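Engineer: Given chain V's structure and the hints, the job is docking chain B onto it.
Chains as they are written, first to last, in full-length UniProt numbering: chain V, 1 to 323; chain B, 1 to 323.
Note that these hints are calculated values from the structure, not bench results.
The structure displayed is predicted, hence computed values, not measured ones.
Warning: the hint list may mix true and false statements.
Because identical chains cannot be distinguished in the list, a pair is counted as satisfied if it fits within a single copy or across any two copies.
[Said to hold, decoys possible] Computed cross-link-like contacts, SDA-like style, restricted to lysine to any residue with a CA-CA straight-line distance of at most 25 Å:
1) LYS60 to THR127
2) LYS60 to SER98
3) LYS228 to LYS278
4) LYS60 to ARG194
5) LYS24 to GLY207
6) LYS278 to SER291
7) LYS24 to ALA229
8) LYS60 to PRO96
9) LYS24 to HIS150
10) LYS60 to GLY109
11) LYS24 to ASP41
12) LYS172 to ASP183
13) LYS228 to ARG11
14) LYS228 to PHE28
15) LYS172 to GLU186
16) LYS228 to GLY31
17) LYS24 to PRO142
18) LYS172 to PRO64
19) LYS60 to ARG128
20) LYS24 to PRO40
21) LYS24 to ASN43
22) LYS172 to THR127
23) LYS24 to ARG38
24) LYS228 to ILE30
25) LYS278 to LEU243
2 protein chains.
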Amino acid sequence: MAISEFELIERYFRQGCQRGNQRKDVLFGIGDDAAILRAPDNNQLVVTTDTLVEGIHFLKQIEPAVLAYKSVAVNLSDLAAMGADPAWLTLALTLPESNEPWLAEFAAGLNQICEYYGIALVGGDTTRGPLTITLTAMGHVPAGQGIYRHGASPGDWIFVTGHLGDSAAGLKILHGDLAASDDHREFLVTRHLRPTPRILAGRSLRGIASACMDISDGLAGDLRHIVKASQVSAHVEITDVPLSSALVETLGLEQAQRVAIAGGEDYELLFTVPEARKGALMTALGEAGVSHTCIGQIRAGEGIHYYRNGEVESDAPTGFQHF
Amino acid sequence: MAISEFELIERYFRQGCQRGNQRKDVLFGIGDDAAILRAPDNNQLVVTTDTLVEGIHFLKQIEPAVLAYKSVAVNLSDLAAMGADPAWLTLALTLPESNEPWLAEFAAGLNQICEYYGIALVGGDTTRGPLTITLTAMGHVPAGQGIYRHGASPGDWIFVTGHLGDSAAGLKILHGDLAASDDHREFLVTRHLRPTPRILAGRSLRGIASACMDISDGLAGDLRHIVKASQVSAHVEITDVPLSSALVETLGLEQAQRVAIAGGEDYELLFTVPEARKGALMTALGEAGVSHTCIGQIRAGEGIHYYRNGEVESDAPTGFQHF
Numbered sequence: 001m002a003i004s005e006f007e008l009i010e011r012y013f014r015q016g017c018q019r020g021n022q023r024k025d026v027l028f029g030i031g032d033d034a035a036i037l038r039a040p041d042n043n044q045l046v047v048t049t050d051t052l053v054e055g056i057h058f059l060k061q062i063e064p065a066v067l068a069y070k071s072v073a074v075n076l077s078d079l080a081a082m083g084a085d086p087a088w089l090t091l092a093l094t095l096p097e098s099n100e101p102w103l104a105e106f107a108a109g110l111n112q113i114c115e116y117y118g119i120a121l122v123g124g125d126t127t128r129g130p131l132t133i134t135l136t137a138m139g140h141v142p143a144g145q146g147i148y149r150h151g152a153s154p155g156d157w158i159f160v161t162g163h164l165g166d167s168a169a170g171l172k173i174l175h176g177d178l179a180a181s182d183d184h185r186e187f188l189v190t191r192h193l194r195p196t197p198r199i200l201a202g203r204s205l206r207g208i209a210s211a212c213m214d215i216s217d218g219l220a221g222d223l224r225h226i227v228k229a230s231q232v233s234a235h236v237e238i239t240d241v242p243l244s245s246a247l248v249e250t251l252g253l254e255q256a257q258r259v260a261i262a263g264g265e266d267y268e269l270l271f272t273v274p275e276a277r278k279g280a281l282m283t284a285l286g287e288a289g290v291s292h293t294c295i296g297q298i299r300a301g302e303g304i305h306y307y308r309n310g311e312v313e314s315d316a317p318t319g320f321q322h323f
Numbered sequence: 001m002a003i004s005e006f007e008l009i010e011r012y013f014r015q016g017c018q019r020g021n022q023r024k025d026v027l028f029g030i031g032d033d034a035a036i037l038r039a040p041d042n043n044q045l046v047v048t049t050d051t052l053v054e055g056i057h058f059l060k061q062i063e064p065a066v067l068a069y070k071s072v073a074v075n076l077s078d079l080a081a082m083g084a085d086p087a088w089l090t091l092a093l094t095l096p097e098s099n100e101p102w103l104a105e106f107a108a109g110l111n112q113i114c115e116y117y118g119i120a121l122v123g124g125d126t127t128r129g130p131l132t133i134t135l136t137a138m139g140h141v142p143a144g145q146g147i148y149r150h151g152a153s154p155g156d157w158i159f160v161t162g163h164l165g166d167s168a169a170g171l172k173i174l175h176g177d178l179a180a181s182d183d184h185r186e187f188l189v190t191r192h193l194r195p196t197p198r199i200l201a202g203r204s205l206r207g208i209a210s211a212c213m214d215i216s217d218g219l220a221g222d223l224r225h226i227v228k229a230s231q232v233s234a235h236v237e238i239t240d241v242p243l244s245s246a247l248v249e250t251l252g253l254e255q256a257q258r259v260a261i262a263g264g265e266d267y268e269l270l271f272t273v274p275e276a277r278k279g280a281l282m283t284a285l286g287e288a289g290v291s292h293t294c295i296g297q298i299r300a301g302e303g304i305h306y307y308r309n310g311e312v313e314s315d316a317p318t319g320f321q322h323f
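Looking at chain V on its own, in the form it has when it is part of the complex (with noise of 0.2 Å):
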């Protein structure tokens, strides 16, 4: 029997949601016009929107667990590299039919990482189409602390959070398209199905970093856009980007170093410090527990320019773009 948008929306998200997520500052969530809530005073709203369509973004066979984990890590990831508190989510769910035992799996693993991130989902629509979940997050920085991609300075040092490339390995793993020891394929697989939004990273980052983003289209990719938002160039060590072990016995370490360097979907944050503030960045991440490297310097001038142990790289990869 097929079930109607309203019962699916009360059925899955909106009992839930509201259960799982007792926010105080969401008056009211799911289930009239609009959502209203309440933002913090001398806050100021981060708001961000993220696609994500069947077989271009993932995989027809994925999870829907997963899927909904993703859906959510992508855009709270956004949030993190503005130096964000997550705090809403809305939903909007295009479904190819009504399929119930899909549904009650995405929405349990949407409730978990909105329960793990202590965030609500307030609001959604669902629709009949092919495969494609919107997601839009909304949180907020104290005034005046959001941190921007345009603020990075020559002399500033260039940082990234955890690893760089698993992901894009973990990719082409589940593709078909490499080999990996079971081990190193479990790792890999899930850096690319669970990346972890580096929330905590962010919100430390607040008055220490210059600029930052998210990694989402490669540190290649990624890094230009600092570079042009702050009229920089920046100097890279491709041996000091950082590498998990998986990644470098799976395809040796210098395609470790090119996929790290164009792949994809690390969800990762790069950022600059002045160096005035590197010994509060040490503090600061080190309290978060989450491990940083530094793998160059902004300089005057533009572009990106490589190093490999010092000498100039010209053949370094150049990230790719989605469309």
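Structural biologist: Quick look at chain B alone, frame taken from chain V:
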């Protein structure tokens, strides 16, 4: 030549929207990981999301500027139904291919309605896939003045703005299922393609209406939401439902009444007002220049009860559901 996602966004949305909508509360709009916005003090945030899918919510041959208009209008209508002032918008646009002329027209339509209502496009995502548009609209109400669906009480009068049924008739005309004179055709089709979000009416109803929603699924279906949320019954006099002369002349009175009750996509406001605030209503909506009509009364009990010239009507239509 294919153009990239970044160029697309840059060319058609970022520049146009930043030029057209210089809201001072947009600290940073499109072009970073997320937008940063300043909400006014002592207000609450109002958020709604709607998706429009080709073939379900609009016809393939729709003009892109009209599609942009309608996508925004539908979301603003939800904000209006809460009594909110609209402020910001994010757009997730999924397109089957990079079609520059289409995008240019879509962006022009979007910029036009954004300028008209003084709202700013603050973020977006452009992806490849079947044509789908998801908008998230944000606005605000003074704290505590949002108007919900659940506030109707026995004795309250039931009102609607404007006329009902025109949009449903316009859609039938577009589908080739209904003939009309040239004048009526133009009027009814325009009412379908370019509904007027009742922003001014919605904000005028603050402190006056006990419950409010917009009519998107037809009067019968939507009134059921108010009745259910408020745990009351509604008593509607069919002959009082406001009809345009174009609708009556095209369909005849009785069929026009049926379409006005069961049709959809009117995007008029449906609201209830206690007897004691009827005078305030006339003043407020009179000043806003919005026509409105009393169509019945809320009583204890449940369900919707239709009358024709005071006699119980058992044959009233019951609305439709999208999904």
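Engineer: Compare the structure with each hint and give your call.
Structural biologist: Here is what the structure says about each hint:
1. LYS60 to THR127: both (18 Å within a copy, 17 Å between copies)
2. LYS60 to SER98: Cα proximity of LYS60 and SER98: in one copy and across copies (16 Å, 23 Å).
3. LYS228 to LYS278: Answer is within; shortest intra-copy Cα gap is 23 Å, inter-copy 58 Å.
4. LYS60 to ARG194: within (16 Å within a copy, 36 Å between copies)
5. LYS24 to GLY207: Cα proximity of LYS24 and GLY207: across copies only (23 Å, versus 28 Å in one copy).
6. LYS278 to SER291: within (14 Å within a copy, 63 Å between copies)
7. LYS24 to ALA229: The answer is between: 21 Å across copies meets 25 Å, while 37 Å in one copy does not.
8. LYS60 to PRO96: both (12 Å within a copy, 18 Å between copies)
9. LYS24 to HIS150: Between copies only: 20 Å across, 34 Å inside.
10. LYS60 to GLY109: within (17 Å within a copy, 34 Å between copies)
11. LYS24 to ASP41: both (14 Å within a copy, 18 Å between copies)
12. LYS172 to ASP183: within (16 Å within a copy, 59 Å between copies)
13. LYS228 to ARG11: between (47 Å within a copy, 16 Å between copies)
14. LYS228 to PHE28: between (41 Å within a copy, 17 Å between copies)
15. LYS172 to GLU186: So LYS172 and GLU186 pass the 25 Å test inside one copy only (13 Å; across, 54 Å).
16. LYS228 to GLY31: For LYS228 and GLY31, the Cα distance is within 25 Å only across copies (11 Å; inside one copy 43 Å).
17. LYS24 to PRO142: Both: 19 Å inside a chain and 18 Å across chains, each within 25 Å.
18. LYS172 to PRO64: within (20 Å within a copy, 37 Å between copies)
19. LYS60 to ARG128: Classified as both: same-chain Cα gap 17 Å, cross-chain 16 Å, threshold 25 Å.
20. LYS24 to PRO40: Both: 11 Å inside a copy, 19 Å across copies.
21. LYS24 to ASN43: both (16 Å within a copy, 16 Å between copies)
22. LYS172 to THR127: Classified as between: cross-chain Cα gap 21 Å, same-chain 31 Å, threshold 25 Å.
23. LYS24 to ARG38: both (8 Å within a copy, 21 Å between copies)
24. LYS228 to ILE30: between (40 Å within a copy, 15 Å between copies)
25. LYS278 to LEU243: Within one copy, since 22 Å is at most 25 Å while 69 Å is not.
Every hint, counting from the list given before, is met by this structure.
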